Amino acid sequence: MRVQRLLTETENKKIADNVDLKLIEPLIEKYKGKKGNLIPLLQGVQSIYGYIPRSAFELLSAKTGLKLSDMYGVATFYAQFRLSPVGKHIVKVCHGTACHVQGADAISTAIKDALGVSDGETTPDKLFTLETVACLGCCSLAPVMMIDEESYGKLTGSSAVKIIKEIKIKEKENK
Amino acid sequence: MAQTKVIVGLGSCGIAAGANKVYNKLKAIKDAENLNFELAKTSCIGMCFREPLVEVVDENGSMIYGDVNEDKALEIVQQHIIGHNPIKDYVVKTDLFKTPDNSFFDGQVKIALRNCGYIDPENIHEYESRNGYQALRKIVNEKMQPETIIQTIIDSGLRGRGGGGFPTGLKWRFAYSNKADEKYIICNADEGDPGAFMDRSLLEGDPHAVIEGMIIGAYAIGATNGIIYCRAEYPLAIKRLNIALSQAREHGYLGKNIMGIDGFNLNINIKEGAGAFVCGEETALMASIEGKRGMPSKRPPFPAEQGLWRKPSNINNVETYANVPYIIANGAESYNKYGTEKSKGTKVFALTGKIKHGGLVEVPMGTPLRDIIYKLGGGIQNDKKFKAVQLGGPSGGCIPEHLIDIQVDYDQVTATGAIMGSGGMVVMDETTCMVDVARFFLDFTQKESCGKCTFCRIGTKRMLEILTRITQGEGEEGDIEKLEELALQVRESSLCGLGQTAPNPVLTTIKYFRHEYEAHIKDKKCPAHSCKKLLTYTIDPEKCTGCTVCAVKCPVKAIDGERKKVHTINQDICIKCGDCYSNCRFDAITKN
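Those sequence lines, one after another, are chains A and B. Just so you know, we're using the working numbering here: the first sequence kicks off at 193 and counts up by one. Just so you know, we're using the working numbering here: the second sequence kicks off at 4 and counts up by one.
I should point out that these hints are in silico values taken from the structure, not numbers from a laboratory. None of these values were measured; they are calculated from a predicted model. Here a beta-carbon is modelled for each residue, glycine too, at the ideal position from N, C-alpha and C. Please note that the accuracy of each hint is not assured.
Taking lysine-lysine and the DSBU-like style, the derived pairs with C-alpha atoms no more than 30 Å apart in a straight line are [as the list claims (entries may be wrong)]:
id, chain 1, residue 1, chain 2, residue 2
1, B, 359, A, 224
2, A, 346, B, 359
3, A, 259, B, 301
4, B, 91, A, 226
5, A, 346, B, 28
Some residues of chain B that are not near chain A, with every Cβ distance over 10 Å (derived) [to be verified]:
id, residue
6, 163
7, 333
8, 417
9, 435
Just chain B, same shape as in the assembly (with noise of 0.2 Å):
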């Protein structure tokens, strides 16, 4: 009989939600009555709304258990690993029965996210036993020319991930036709739009597959320098990286005549980023590497002609890099197999906000975002209306519900006004307003400008400043022109993405929800009931019990009343966080 296996995701929000102490416990219960099973680590698949998640693998195959604690955890262990008899109520995944949670996983096709949860990503071994390193390997016994290579990723119709949508083989390409006695390989993993983790869970889950990935890009257009450019807020996924790096070095991916090519050298550093969304533009992502201020430079010289320190360089993301080793390992038409006529392949989008199955998802370009956000998503929390989805981060734009039969590619995403991204997908219900959404985004773009562009600097600060009034109940009759006025001069007159993009989700949310923005300035109303100047919280004297709740809940202690009297709020103090509101058992509480 095959040793019983115990796996617990150990992602950074498997962390947050407490699986180290899971783990803990587990190892505590194996060694205390000295138990024989396997107890093993990997990271995230995806399930973030289950977290903490661990698997038991036995002679009958797998189950994931979803909210584990301490407590289930020894549950667990007496049930299910002692007794064989697994405690199905708790298990969220396995192909033995029918779980409620299963939808999350129909339709998702698993290409860059092919090993993450699946695998230790601290065992190079774990990686190649799922065919990991055997594409480097297929090039090595095919002796395929980086001609061939290149072409290979052309016909697999793989774009690029980071947003841009650039075809990967057409910027490979131009790197490798310009001849330099050095180039260079870069990873873009300065993920920085709020509300995205995909390139954090690939990194922490499979770094092996990015490092990989970029091996292959070296050889092809002939790079002896690789660089991981990574935020410095991942701190697991740089450990992890580290990790993998050196064993790659030990078992000679990397070094000098790799896999016996001879002279073909490569080495690849990380380097840590500051704290900087615009270095997530590749001319600002290289004069960061060089130790400048991140700031953007006019294109051309292109990096592929003239990139880090003046050589010939690809910078590619994360995910962009994962799929590479896939389809030169399959070829290309095992990728290109997925999608729409102009998106091929797979998309990883994480899929937020709102939504009762909040995680990662991996999907087909093309799959309509009706079935991402309802049959995987599950639908929206406590079942309130949907009202938009964000798409794009701060770069792009909220599509409204009238258009939720849309296909995710990039034609249509594009069509929407919003962008595809780098594939952060926040859900908003009823109680979200539009007109704070596109504050929120103005207020971090405004905030995150290099300065070099005039209207990127200042428009942004006096978009932002209309918006704020709008919100507070000060808005204007003509703010909505102004706004469009200043978008368009944003749009054209900044140099990099940032500025351009910058206005999209002003943008949108006026061509969407332009009567949530009249409310606001007309009528002093927030239709969400989300902004709190707009907003009262009144205890209805019928209704109050004088159960204490509120008060207690009460933060900042706003809410006076004796036992069994009527409650009252202090309006002073109220800082309208809605505490009370929610924890009202006799619905006393009303916001207008």
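Isolated chain A (complex conformation) (with noise of 0.2 Å):
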């Protein structure tokens, strides 16, 4: 079983203002009273914020008539739905059995040492989420990685390092 928390009442006040929730709203009427909403509903609202706001979860209680407790239940239930905010670029080392035997661990060590992170934790500098995937489903270039939208194969513990150094140049050309 996956152990989540909702962010604290004192965590989320330093996030809450970022938050705008007219944002959801239009989400809100196309699942409005369907059955089976929460699901999509749920994903809606994360792939607007990224994550969903503890005040998100009020607001859609409060127009479809959810309960909170259902909803919470299955966010914390399913793998997909995160309860704080994430870094810019997302790194999804997968652990599929191909990776694992290919040297998937050596990857994430290399990774989180380069970024000082842990496993599903966020760099100060909120440029960069880790995380670990179940399979992505690119076996045969295992060991693999994916940021964002963009899968990396046949990594090595120094490849791997050297992809994120280059995107960490790129954003600071950027500012």
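Fit chain to chain and form the complex, with the hints in mind.
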């Protein structure tokens, strides 16, 4: 079983100002009253904010009549849902069987070292969130990682770190 | 003269290998030089080990180029398309001459994958031109009744390809015989097994085949609503399914009074999964569609009686549906002529791990495992020694070398302690630690357990703790027996397939590789030199030339030393990734 928790009130206050709840109103209109709408609603919210803010849960509940406890139950059950904000780039290191056999652990360790965060955490500069995923389905290119929408295959510890560094450099140039 | 056609394979693995860049390069050359060839897209033909693939079809026939990059794409255009002089060294598949990779296709029979890699999956006309929707037409023209269709599927011997292996026709008959105002036909595309990508490739490569299979199934059981439950991790599959569904609606294959059959109404929608392996179990999948936590429930009632929204429902896997149009169009015999007594037809496998030719293969049931690994798969990477093949993912088991001559069908695979599963086949060599493989799968099932049954929730956790201890060199006498006892309890006391089969990887590795467990526990050694805690990398001062390659390659800067002087590894920093070991040209790094 996976265990996730919602941000505490104090943690939440720090970021609550950035959440514009107006953005999810069309979504609520689309799914309101439809049966089986809970998961698509949460997926929709996450695709807007990158995670499900506490205030969005409350708004959904008020507008659709869905119970907070049901929503929280679903959001913590499925691996896809995040309850805290993520970095600009999401690094997903594949730990499927093929990747595991080809040394995915070493890739994760090298990236953790380069970013200075553990699995599921975001770097202090809010650039990267590191995640471990079960299988990206590109097994013949193992070991694989996916950054945002782009997949990188046949990695080694050093090539993975190099890819991360290149993104960092690009980000600096853009600033 | 027919126009030359250039087709780029744009499946997920092709794209990951850089196929989009190749496509864009070809397009740029074509536009810049105003060349007269047709540029098209297709999906995965299964040769993942040679991606990106580019096929050139001209008046002489077809040639598929492998490992294409932007430079090679330019060469292909200049020499083959403009110069009419194919670059034979780059060709990986053609009927015109023998290539070193031809053996990959020897013995394959493509039924489920019949169109993958041959059509543009985003174009319904290409599917139709290869007998697409002909099965549905046959049903209309010959006025086939639901009973006839169900009987044909029963006669074909088709069994559920998602892992269960239940006869598909019988499942349909149960759903058919339950009368209700509403019924559901559901496609399970929640391919969660790590190391398996059969369904992804099928959905990306030939979505209409799956949709046609569902339409036929809906007609047979009397369903009015269809749902494809697809993993959200497969964005490309979802995109192509959406395109295919809207095309099917436009062409009248979905909607009201389909193909003029009075009262045959069907719509199909996609539900995106949210990342829970247990949702591959059918009752959990339906709970998830209803918007609940995906927890399995007790059967009976079976989905055929009370399924989604308490209506009779039929759930099949992607590959199962993809076989259906072929069987209906060509008759049951066209399918059951392949296979063994109790396992008919063909099966798709995702061949991965330490294998030379990793990719997607479809072979008749009963093909010897040895042929799949050595003929199709080309043998083990770097010619290392084969150790085992893992079949069936987290619910399956490891088949050791002395059983490599079994025929792959439901009965023989089950007899080894593994399961057929959905078709993930991960090959392991002498450098793979079997205790670590067992720990890996337990770690997976333990995280994915929904938590409903105590033994699955807590038992798998205890088993994982023991396995982790063993791989860290802290195993104790009696650990193996404890694992066996817990395994039995988890198997007996879990409600659904996830818990019942979770101990399989542990039990099969203990059965066939007990000596590896004992080496970890008694000698504190990992025979495969894989478990990090039991491993140290050292530099041999006699052999080290101080070339600095290892120090440069080390991702954590654990290696010190001046140029042309002996280097040393700081064991406190070393993460044991092995990059130094694989990059040293002087064989100066040893692992122990």
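- Structure versus earlier hints, numbers of those that do not hold, lowest first: 1, 4, 9
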